Structure formats: C-alpha cells, structure tokens
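S.K.: Each chain, written out:
There are 2 protein chains.
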Amino acid sequence: MSKGITKRAENYSQWYNDIVVKADLAENSGVRGSMVIKPYGYAIWEKIQAQLDFMFKETGHENAYFPLFIPKSYFAKEASHVDGFAKECAVVTHYRLKNTENGDIVVDETAKLEEELVVRPTSETIIWSTYKKWIQSYRDLPILINQWANVVRWEMRTRLFLRTSEFLWQEGHTAHSTAQEAIAETKQMLEVYAEFAEKWMAMPVIKGSKSESERFAGALDTLSIEAMMQDGKALQAGTSHFLGQNFAKAFDVKFTNQDGKEEFVWATSWGVSTRLMGALIMAHSDDYGLVLPPKLAPVQLVIIPIFKNEEELSIIKENVNEITQKLKKLNISFKFDSRDTHRPGHKFAEYELKGVPVRLAIGMRDIENGTIELARRDTLEKKIYKIEGIDQIIMKLMPEIQENIYNKAFTFRAENTHKADTYEEFKNIIENKSGFVYAHWDGTPETEALIQEETKATIRNIPFDLPDEEGVCMITGKPSKRRVLFAKAY
Amino acid sequence: MSKGITKRAENYSQWYNDIVVKADLAENSGVRGSMVIKPYGYAIWEKIQAQLDFMFKETGHENAYFPLFIPKSYFAKEASHVDGFAKECAVVTHYRLKNTENGDIVVDETAKLEEELVVRPTSETIIWSTYKKWIQSYRDLPILINQWANVVRWEMRTRLFLRTSEFLWQEGHTAHSTAQEAIAETKQMLEVYAEFAEKWMAMPVIKGSKSESERFAGALDTLSIEAMMQDGKALQAGTSHFLGQNFAKAFDVKFTNQDGKEEFVWATSWGVSTRLMGALIMAHSDDYGLVLPPKLAPVQLVIIPIFKNEEELSIIKENVNEITQKLKKLNISFKFDSRDTHRPGHKFAEYELKGVPVRLAIGMRDIENGTIELARRDTLEKKIYKIEGIDQIIMKLMPEIQENIYNKAFTFRAENTHKADTYEEFKNIIENKSGFVYAHWDGTPETEALIQEETKATIRNIPFDLPDEEGVCMITGKPSKRRVLFAKAY
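Going line by line, the protein sequences match chains A and B.
Heads up: the first sequence is residues 1 to 490, going by my numbering.
Heads up: the second sequence is residues 1 to 490, going by my numbering.
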C-alpha cells in the first residue's frame, strides 16, 4: 500500500477513488457533478484519443465540429430520443447576467431566450438537422464524420470518470444510402472499439447486441463491448448504434438514389468517452496503485538515481545518458527523476502509484559492477541486469508487459465467468460470487425486468461469439436459442 | 472567379463569407450564433492545434481539462473580470425538461438550480478556484497548464470564425512564485504565438502591449499580436496576459515561499481561438478562393489525371504511382482525384477554391513526353516539368511557396502602413487609405476614446519593436515617447 490507498478487498469503491485522486488523474470540482481532469490523467486520455483518432481516419472518417447548444424543439422531433435524452439535461434559458444595486450578480430577466437551449447530451439531432443541408443525392453519401467534444447529462450520483455530468467523448455520425452499408459501418466501428480495448487498453471485451430495453434512444440496434472489472462487475466500454432511418425521418433527410427515386438516409452513431479511463483503472490496478499498459502510459519508464551527493549524481547521469540515448531511438518515453527532495523509496512508491510500467534504479555500486536494477510494475518483480544491452531488454519487455496485463485480465475474467441453468443457480452466483453469467432468456423485456429487479443483474449484451445452443429460459421455461451475458454493471 | 465567389474588391465581407462557405470550411447552424466547422475547415484547425500543442509542450506545458460550467458566484470574486465576462453569457438555470399533457416539451420548473451556472466564457475563475487546492508551497510552483476547449460569449452580430457565440480555443493558465517569472511566461507565450503566426500561418504580426482600456478584464498587462487583413484592418490573432495577483487574491491562493512566508501566487493566461481560421483566410486568399500555406494545408498537393477512358486512367495511375511513392517518403500529403464525374477544369477550380498549394495535371501526351504540368496556387503560375525528378522540385517548392505567401503578406502590410503626425493626416489615412497608422498618443484613455469615437480606429497595441521617438500627441499636443499602432479592427 502506498500513500494510504485503501485495499481493493476492503473497500473496492474507495480503492478506486483513492487511485483516481492520489495518482493525480482527476478530482471533483466545485461544480457539482463535474470533474477536473488533471495533467497526468489527461495525458492518458490524449494517448487514448490519438490512437482512436488514427483508427477512425484509417477507416475513412473525418473530424468536424457541431454546436454545443441544441434548440429544445430539435429533441421533440424523434419521439424515443426525447424520452431518453431531453430529460436530465442542462438548460440554458438566459443570455445575460447583470449587477444589482447592492452589488450582487443576477440573471437579467430581460435577456430570456425565446426558445431554451439544451447543452448537448449527444448530437444526433443537431447533426441530422445539418446533414439535411448536405445531402441531396447518392453522390453526397456516405458521410463519415466524427466529433471530439464535451457533453452533459445531468447526474445526481456521480463518480469520477464513470459517471459525471460533463464528460469528454467522441461521437461518430454517419449517413448512408443503404441499410446494409449502415449496418456494416455499425459493426466495423464496434470492431475498432474492441481492437482498441484489447490491443491498447489490454482489456478483453465481449462484443454483442444490446437487448431491446437497453438500446440507445432512437436506435434499431445497439452493439456494445463489455469488459469485466476486478469486482466482477461489467463496464460498457463502447457502443455503436444502427439508427435505421429514424433520424432521417425526424429531420426529413432524403436523397435521390441512382434510379432517381427519393429515399430516406440510413444512419449510425458510435461513441466512447472518458469512462474508458475508469475502465482502464479498474481493469488492471492493484493495492499499490495504477497499472498502465505500456501503449497508453504517458511515461513508459522512469529512471531513479541513488546518490548521496552532486558528484555521485553527475557520474550516474553520465552512465544513464548512454541508456536514454538508446531509449529515444526506440521511441520509449522516459523520465529521469533526480530530485533531491525525495528519497528513492518515496519515488519508487510514487511511480508505482502512477502505474509507470518499468522502473530502473541505479547507484554507485551498480556503476562499479556495470549493472542496473529493473522493476516491472505489472508483476512487481525486480531483477539486476547488465547495463550493456539493457535497451534491448526494455524493448522486448514493453510488449511482454502489455501482453501480460491483457492475459491477467483475461484469466481473471475466465475465472469469474459462469453458466447458470436455473434461476436458483443464477441468483446464487450473482449474490455470492459476482462476475459474468451466461444464461438462457426467453427474449422478453418482462423477464429481463424481473431479473433486474430481483438480482440487480442486467443483460449486458447478446454476444456475437457464443455458439447457438438450444435451451430454456431460466425464469419462464420458454425455449431459447442462445445464452446471453448477464452481470451487475457500472 | 470560381463557383461564383464575390470579388474581393467588390464586396470584401461577402468575398470572405463566400470563401468560408464555398471552400467547405464552416457554415451557420440552426443555433443562432453557433457555427458548424466542416471537415475541411476542421482539418486545418487540427493542423493549427497540432503545431501549437507541440510548441506548448516544448515550452514545458501540460494539458488538462476543467468544467464547462462555472457557478455564478465565482465571477463575482474578481471585480473587473465580472464586468468583462459575466455579462453576455449563456446561463444554465434548470437541469430537466418534461413532457406536457399535450405532448410539448417544457422546462421542469421543479428542477431549478439553486445557483445558476455560467457556460465558461474563459476559465480563470474555475481554474483558480482549483489551483487553491493544488498550491501550498513554492515547491508546487510553477503550474504550467493549457486547456483545449469550447467557450461561449453571447454575440448579437456574428461572423463565421471571426465572431461566434461558441468558439474553440486553447487557454493557458499558469501559476508562479514571482512576478518576474510570470512576466517572462507572458512574454514567452506571445513569442510562441508570433512564431506560429509567422512561420506556420505565413502571416506577419506586430507584437506589443495593449493600452489600459483594451486589456483583458482582470489583467495588469495584456500583450497581443496584430495582423493586417487584406482590407487593411487589423485582426488580433493572440493575446497573453500578465494577471498579477488578482486571481490569487480573489480565490485566496497563497504559497509558502522559501523563507517560510506566505505570499499570493502570480498568474498568467494566454489564448488563441478558431478566429485564427478567419485570419488565415483573410490574410492570403484571392478571388479564386482560399490560399493555404503548405504547412497548414490538409492536402498539400493534388494530382489530376486527364483521361478519356479507363485504359488511359490506368496508364496514368501507373506513372503517377512512382511519383506518389516518393512524395510519401518526403512526407508531402497528396490526393489523386480520378473521379470521372467531374471534368478536369472543374477540378482545377475546386482545388483552387480550397487553396491546395500545388496541383499536378497529367494526360496521355504528357506520359509520351515524360512531362507533367505543375501549377502553384499562390502565384497561379503553370509550368511543364520532366516527370523524372518532379519529387525533388516539389520538395523545394513547398518552403518556397510558404515563404512567398509570407512575403506577399509582408509587402502588403508595408505598403499599407503609414505614419501620421497630425490628426488631419491621421483621419485622412483612416478614411481614405485604411491600413496601419503609427502615431503619437498622450497615453490617456480619454484621447484614445475620442479617436475611436471620431474615426473608429483603435490602438491595436504599443509595439515592442518600434524605436523610442520623441513626439507630441496628435490630439492634445502633450509629449509622447513613442508611436503606437492604430487601425480599424475586427
């Protein structure tokens, strides 16, 4: 335990919060429900953004920017969307403040907006009202646009990164001439998210379709990736929606097809948010703090000199310089922490807390012996190496750590994944073991609601990669063709 | 003229708007005062962001993110700041909408916020309320943070990029233990902006201090860079503020110095916005459309095949492939436009409109001769080159174009910069010639206000790089030690 982090086993929720705050990732602000993302947390988010942005562009998407404010009436145009989103939102009603005679500042009632503006909770409505102007013919399609933005959904109970009133995200909004093409896009973007989660976040995910009651408001189909956190709960890490022609109809967006006939346009939308930060933290961290996969670590390696005086430090620096020159060539980001205000042990704990994947420590004795100590954050193993060739060892170690973190999460998930054939079994697992449960379900919202009410577990998704299997619903005994994924969720 | 762009000389303002809209940079949205930044415009903004972000990090800054909403009372804490910013702003008063019985959506009056939230017009107050928690000792300083964000300042008369209610920007907010260090930071960031404007935007700028009445609300000193647009008006392209201890005092942010004494912290803030897009457009474009300096062009080169059928196209493709392989190695971004839906002439006009720096055109005759046609967007010159070695010519041409665009703007500014020694002279220049005018001023806000009222020209800044020169104020005859820069401004 470092800097007084609560142990995972003692209080999981406090453990999470301790890591977020003490590793300098984020903190609550003076504005209820809004967080401050601190530089170290934001640096991780920038790494996430950069890779996702690259993958979006590789798949043909461009970035653009749409307004923060959406006129209230836009929400009314898509019936199910308004119920899902226009409710808990921030509403701008005035555009001026004024001073009173006694020096207070109050809202200027003469500056009331004719129509209230909603701070975007998601941008389908403002974007489809714009696409109407851009789309006339099949030649204008597809439109493949992504936006990086802040959004606001009013939340009463908030948790840093996991649920905040304002959060940062990306939202893709595409327009297509056929349902088939839009469906393919929806799937493609889910694959992009899954690949990012597994290869970059080192976090295995289950891909699948949401049940009808868990769909995005206004979607015909919602696909999701679901990851297991270390308390066995599921976290929805990304969603991709096939919106059919719902928004095209709501905003009257038609195109002339190759045969000269008018049709409504087909739509998708897809997004991930700063919630991924929460997933990253909860998937890998331990009682010593954050554990970062090398691919997302702002600092991949830290070098800590052990020295008694300036002279020793300068000798160490010289030796380290040879190593860092090589690390630069290998594109490994590093930090040399020569502060004399903190003892080495304090620094060790600090970088463990911050999840830096590899730590090197080097003192005068090491230099005499031509050696250096290397510690891995993922396994906490320490080992002495020859300085000569340490760069090659580090280069091979980084992907090994990345893989090990993934494998650890994969094994943990496997150990906490169960099958239940009866409702008794199901309830027993959910209550006493936690984790993922594959069970048969009759496909009705009523059964789904009952299970949720009684156990708090929900259908996370209907997994793609599960074989068909004849069975019967554990509640109603009605026939079922495949198991679905149940879990308690964030 | 292409796609019906209004000529600059006919109607400058319409010319500007035509370029923004017809080159697909941005458009007005259904939300009054808010714009949609289209993919091509956003791609230029991404280039601007990437380079500035690199320069900020090179000078030791980190990115972070602070809340969009600021409690109303925060503004009241810094007296001059509230007058400057809390007036024309978007105010969030409620956090829920509800359906009425007849199906309308209305604000839920039961969900009224206890304290109204202001959508950030700038973030000094929310950031300094946070810094209070971060700063105890001199060891916590300096804090060097930048934020990329959207901000809202309610505007009645808006113009795409130049003045919109919502805009994108970056805002640096730094905290220091001494006035000296904060002043040095203020100057450093102005230098960063000036370097970016001149080397990347190819736009010469005048660096200087603002007069007292033009200072940022809450600053002790505001530095600016001022650029000349092609109508002779000035555009403030970036500002850097020395805030003294004003915000530290307002939010009670103290630190213990090395002698163990408590002091208030010293502050700076600095920003540039999507307004730079407006500057970029107006500084260089012509009657054919946008002119982009190669360093900020999303596509630096376009290749247009001249073909009659698929067979010809495929032969051309083969030949072009050799060129593009080399361009890739030289890191030159290019596009091969083989659409058969548009004629070459149409394509030429389109890329001229979009400001692509270099255009290559190649047909069957060229291939027989081993030649290719190259056209420069900046000079509109066309020339035939051998295909062999064209990559080397292009590599040398890019910086030449960058420099030529800068030189053209520099010459234009020189030709439209004047000195005035009497008010008659001054008024004559402002009315009949436009451009920049260097004149003596007695240093009082009263004289400044009078000049503005009578001529609409304002003091843009008190330039750093102007020699001291004894003189007398053109209005009051009082002594003046240096000329200041006057102009009408955006």
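Honestly, the hints are just simulated from the structure, not real lab data.
You may find that some hints are simply not true.
Note that identical chains are pooled: a pair holds if it fits in a single copy or bridges any two copies.
As the list claims (entries may be wrong) - Within a straight-line C-alpha distance of at most 20 Å, the following computed EDC-like cross-link-like pairs (lysine to aspartate or glutamate) qualify:
id	residue 1	residue 2
1	Lys-77	Glu-310
2	Lys-488	Glu-425
3	Lys-233	Asp-366
4	Lys-335	Asp-140
5	Lys-335	Glu-322
6	Lys-386	Asp-465
7	Lys-98	Glu-114
8	Lys-87	Glu-116
9	Lys-408	Asp-287
Only a predicted model underlies this, so the values are computations on that prediction, with no experimental measurement involved.
S.K.: It remains to establish, for every hint, whether it holds in the given structure.
M.R.: Here is how each hint holds up against the structure:
no.: 1; hint: Lys-77 with Glu-310; in the structure: neither (70 Å within a copy, 46 Å between copies)
no.: 2; hint: Lys-488 with Glu-425; in the structure: within (16 Å within a copy, 78 Å between copies)
no.: 3; hint: Lys-233 with Asp-366; in the structure: neither (45 Å within a copy, 66 Å between copies)
no.: 4; hint: Lys-335 with Asp-140; in the structure: between (49 Å within a copy, 19 Å between copies)
no.: 5; hint: Lys-335 with Glu-322; in the structure: within (14 Å within a copy, 42 Å between copies)
no.: 6; hint: Lys-386 with Asp-465; in the structure: neither (46 Å within a copy, 56 Å between copies)
no.: 7; hint: Lys-98 with Glu-114; in the structure: both (19 Å within a copy, 17 Å between copies)
no.: 8; hint: Lys-87 with Glu-116; in the structure: both (13 Å within a copy, 18 Å between copies)
no.: 9; hint: Lys-408 with Asp-287; in the structure: within (15 Å within a copy, 62 Å between copies)
Of the hints listed earlier, those the structure fails to meet are numbers 1, 3, 6, in rising order.
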